[in-house]
Amino acid sequence: MEDVQVVAMLVRRCIAGDAAAWEEIVQTYNRRIYNICYRFAGSSDDAQDLTQEVFIKMYRTLSSYDHIKGAFVTWVTTITRNLLVDHFRKTKQDRMTDSMDTTASEHEDAQPLSEQIPDPSAPPDTRVRQREVSETVHAALGKLSPELREAVILRDLQDMDYREIATVLRVPEGTVKSRINRGRAELARLLQRTYRQVM
Amino acid sequence: MPDQTSNGMKCNEFDSLLSDALDGVLSGAALDRFQAHARSCKACGPLLAEAEAGRSWLKDLTEVEPPANLVTNILASTTGVDSQRLRIAAPVRQPRISWLDRVQASVLEPIWAMVRQPRFAMSFGMAFFALSVGLTVAGVKPADLREVSLRPAAIRHAYYNTQARVIRYVDNVRAVYEVQAALRGIKRNVTPAEPGPAKPSKERKNDTSQQPEQKQERNYSQTGEQLILASAPLGPSFRDLPVVSVTTYRRFV
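Residue numbers (the working numbering), protein chains in the order written: chain A, 1 to 199; chain B, 1001 to 1253.
Here chain B stands alone, though its shape is the one from the complex:
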């Protein structure tokens, strides 16, 4: 800006008062001198007009609305920065976790999460239903379970009892009985009589092994071929059925 003096005011002084004049805070003699300089100075006159016009243009600019997600983004970014900074500055001590909690977290919770799935619950329900129906048909009552003794001897006794009952049941099944009888008949027809065991030599007399001499060597299953014929009784219900004769070798102990 040229440093000219017009109406007792320099251009620099005019420039410093221009803002106040546009703001309306200039008054009295200062305002008169300012307006006189603007009228007479070829540089400051247009400057006043342009500054006034520019100010007017800027007043037309209204505030713009920030984007809707701006606050959310700011809070997310600042919170993230802060937590990261705090983690670096002062690492937080992890609380001690007991082994029970670890087992629960690593084993039980995944299992429980799987169990809670609808398909697993449905399968479990169906299995329970099938088991209860099976036990009901088998005649097992929950009340009987209370009388079960858990002593080892009682368990062993129950085991052998059950085993004998199962064997008896299987042997008494008619189809099994017939098949076994047929197999024995075939075997008997095909296989000739077994030769008896070789007689002990006379050298036995010289045995010095201090073992007691076996006086009785009668083995009826090998020496004597006593055939015991078993036949099914011909009851009224079995008359139409073929008669099956069963020959067994019995060992008398």
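Next up, chain A with everything else stripped away, as it sits in the complex:
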């Protein structure tokens, strides 16, 4: 995923005050971090704010990164995950009032989740249907508990291996696998329930 020596050199240059090195790090990792934040937080605005916070924290603590202890991407993902958990705790009260009928994000068409399921009787355009399915899955992902959500995001959306996820989440690999399994199963149940309502 990353050349350890190249990233270590980039980090050293960045600590020395090389602005170009820092820009290269931002260019390389902003997409990944934004996607994790977006899938976890659910909204584009929150994801944008959280991504900026992640990079600010990274910039402040860059000197604490040790390439011997682990890959830079794992370190970055750990920072991201910790900030996401903090964000979740802060907005916990808001989330308790959510339901499947609320709008999950501005990427959707401002309709309840059940109304976003396409009508099978009318065959829609493939691209539109694909987009709608993605939005439905995204909304369902937001309904998972944070422990399950972060596990499936890191595994199925970020393609991290179990050992890296265990490092990020600070839990054993077995727990990681268990959370991933339960997360996937819970997501499937949510989506089946949604489709059953539409059908």
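Calculated directly from the structure, the hints in this document are not laboratory data. Yeah, the Cβ is synthetic: ideal placement off N, Cα and C, and Gly gets one too. Among the clues, some could well be false.
Incomplete in silico selection of chain A near chain B, CB under 10 angstroms [to be verified]:
#1 E23
#2 Q27
#3 I33
#4 N35
#5 Y38
#6 A47
#7 I56
#8 F88
#9 T91
#10 R155
#11 R189
Chain A is fixed; fit chain B onto it per the hints.
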């Protein structure tokens, strides 16, 4: 998850192998035992199906594109944070500025900035143009300026010379001359002859002030009223003009 044993595999073991099975890394006897447990266990069978379906759903989620200004915002926020932090940690010593630079920065640069404005430049150009035209009409040549002596005596001499020339010029203006003459005529007609000064008393003889006695006290302007009549010569060009006679009192010093 219930801890049941089915086909020699516990549900916990099944759960730990589920991820590997979905990833396709499970093979051989372990895979056979896993599939047998899934078929026989009422809890783990549906779990495998749901996990497989959930994984499939998640694969449909594609990466979203970050906002276009995200990188710019990140760089701005991190750069700002860093500079602020550095300023707090180690204040930068300001380089010493000489008084000449301060004057230049506080006085000359604002003036120069004002001068560079188009309207001021236009006004300056017009003023220069008017001055050069005025000097040209007055007959002032730049070459004459080189011969001007700047010694104090020469400057004083030039000043009095110029003053006398101006006075002569003004006095010789015909209109001024006529007005002055008319005023003097009116004054002479209106004002009677001035009485002479009181004669000094005889007590002067007893003056002990050691001042020399003034022997000659003739003041022709006060005692003798010698009128000198001045009249303009009647040249051919002045025949049609009224003759103005001017009477002046002259003081002989």
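For each hint, the structure was consulted:
With its C-beta approaching chain B no nearer than about 6 angstroms, A:E23 sits inside the 10 angstroms limit, and its interface hint holds. Interface restraint check: A:Q27 against chain B, minimum CB-CB distance 6 angstroms, threshold 10 angstroms, status holds. At about 9 angstroms, the closest approach between the beta carbon of A:I33 and any beta carbon in chain B falls short of 10 angstroms, and the interface hint on this residue holds. Taking 10 angstroms as the C-beta cut-off, the interface hint given for A:N35 holds, the closest approach to chain B being about 5 angstroms.
Because the closest C-beta pair between A:Y38 and chain B is about 6 angstroms apart, less than 10 angstroms, the hint holds. Interface hint status for A:A47: upheld, as the beta-carbon distance to the closest one in chain B is roughly 8 angstroms, under 10 angstroms. For A:I56, the suggested interface contact is upheld, since its CB lies about 6 angstroms from the closest CB of chain B, less than 10 angstroms. Given hint, A:F88 at the interface with chain B, is violated; its Cβ is 19 angstroms from that chain's nearest Cβ, farther than 10 angstroms.
For the restraint placing A:T91 at the interface with chain B, the shortest Cβ-Cβ distance is roughly 20 angstroms, beyond the 10 angstroms limit, so the hint is violated. The criterion of a C-beta within 10 angstroms of any C-beta in chain B is met by A:R155, whose closest approach is roughly 8 angstroms, and the hint holds. Annotation: A:R189 was flagged as interfacial toward chain B, and the flag holds, the nearest CB pair being 6 angstroms apart, inside 10 angstroms.
Going through the hint list in order, the structure does not satisfy hints 8, 9.
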